[in-house]
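S.K.: Working from the sequences, and respecting the hints, build out all of it.
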Amino acid sequence: IAGITQAPTSQILAAGRRMTLRCTQDMRHNAMYWYRQDLGLGLRLIHYSNTAGTTGKGEVPDGYSVSRANTDDFPLTLASAVPSQTSVYFCASSVLAGGPDTQYFGPGTRLTVL
Amino acid sequence: GENVEQHPSTLSVQEGDSAVIKCTYSDSASNYFPWYKQELGKGPQLIIDIRSNVGEKKDQRIAVTLNKTAKHFSLHITETQPEDSAVYFCAALLSGSARQLTFGSGTQLTVLP
Numbered sequence: 001i002a003g004i005t006q007a008p009t010s011q012i013l014a015a016g017r018r019m020t021l022r023c024t025q026d027m028r029h030n031a032m033y034w035y036r037q038d039l040g041l042g043l044r045l046i047h048y049s050n051t052a053g054t055t056g057k058g059e060v061p062d063g064y065s066v067s068r069a070n071t072d073d074f075p076l077t078l079a080s081a082v083p084s085q086t087s088v089y090f091c092a093s094s095v096l097a098g099g100p101d102t103q104y105f106g107p108g109t110r111l112t113v114l
Numbered sequence: 001g002e003n004v005e006q007h008p009s010t011l012s013v014q015e016g017d018s019a020v021i022k023c024t025y026s027d028s029a030s031n032y033f034p035w036y037k038q039e040l041g042k043g044p045q046l047i048i049d050i051r052s053n054v055g056e057k058k059d060q061r062i063a064v065t066l067n068k069t070a071k072h073f074s075l076h077i078t079e080t081q082p083e084d085s086a087v088y089f090c091a092a093l094l095s096g097s098a099r100q101l102t103f104g105s106g107t108q109l110t111v112l113p
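Protein chains in written order, with the working numbering: chain A, 1 to 114; chain B, 1 to 113.
Honestly, I wouldn't trust all of these hints.
To be verified - Taking beta-carbon pairs under 10 Å as the criterion, some of the chain B residues facing chain A (in silico): (1) P34; (2) Y36; (3) Q38; (4) G41; (5) S85; (6) F89; (7) L93.
Hints listed in this document are in silico derivations from the structure and should not be mistaken for laboratory results.
Yeah, the Cβ is synthetic: ideal placement off N, Cα and C, and Gly gets one too.
M.R.: Now the structure itself:
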């Protein structure tokens, strides 16, 4: 069982380009999340999905979009990347949505926007 | 919404000593408080959690205490070892219909041999 996989591991991107970060889980978890991690700011929620077919906005959703076509996949798209989106991005999942449940994190994607 | 503050941002201790990391939260309706450990180059991993109906929880060398009145909770690591060196995040879950974890800013713990 792989848990959560993310791709790519790292990416350097020119400003203005479109980029999709991939996230796949094989645990059949209902809920999935995207966070960005910046030094001194901790983990901030970008978007979440409580179940396949639904998504919601987190604390910092601007400039990002997500989709949840099935249980396993939760891609994050930057339509037109800007340097302030340089960050480490983590995907996570949990069995329960919106409750006191363990979140399992992927290994992260390090994104640099120039 | 919820706001979680975490202190200190960095902490160095000698191997064998104890380490304490503290967090405060703003919303008294929060009822779940997990702690995550992030090793270098990896994603965070849950190490212990506590719910609002409990004041303290222990798991071997790790313990968490919760003071609901003061709205703060703390992580205690005893007999620290080099492998405890990592970034630690606290978080709080606001009760309600749109509940999502709010994380603190993290503490870099270094255990010196």
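S.K.: Does L93/B hold up as a contact with chain A if the rule is Cβ-Cβ below 10 Å?
M.R.: This hint holds: L93/B lies near chain A, its Cβ roughly 6 Å from the closest one there, short of 10 Å.
S.K.: Hold the hint about P34/B up to the distance rule: shortest CB distance to chain A must be less than 10 Å.
M.R.: holds (8 Å)
S.K.: Against chain A, with CB atoms and a cut of 10 Å, does the hint on Q38/B hold up?
M.R.: holds (8 Å)
S.K.: Interface hint check: Y36/B, Cβ to nearest Cβ on chain A, cutoff 10 Å. Holds or violated?
M.R.: Result: holds, 8 Å to nearest chain A Cβ.
S.K.: Does S85/B hold up as a contact with chain A if the rule is Cβ-Cβ below 10 Å?
M.R.: At about 17 Å, which exceeds the 10 Å cut-off, the nearest Cβ of chain A leaves the hint on S85/B violated.
S.K.: Taking the least C-beta to C-beta distance, is G41/B closer than 10 Å to chain A?
M.R.: G41/B check passes; min Cβ-Cβ to chain A is 8 Å, inside 10 Å.
S.K.: Should the interface hint for F89/B be scored as holding, given a Cβ-Cβ cut-off of 10 Å against chain A?
M.R.: Hint holds; F89/B Cβ to chain A Cβ min 6 Å, cut 10 Å.
The structure is inconsistent with hint 5 alone, although it conforms to all the rest.
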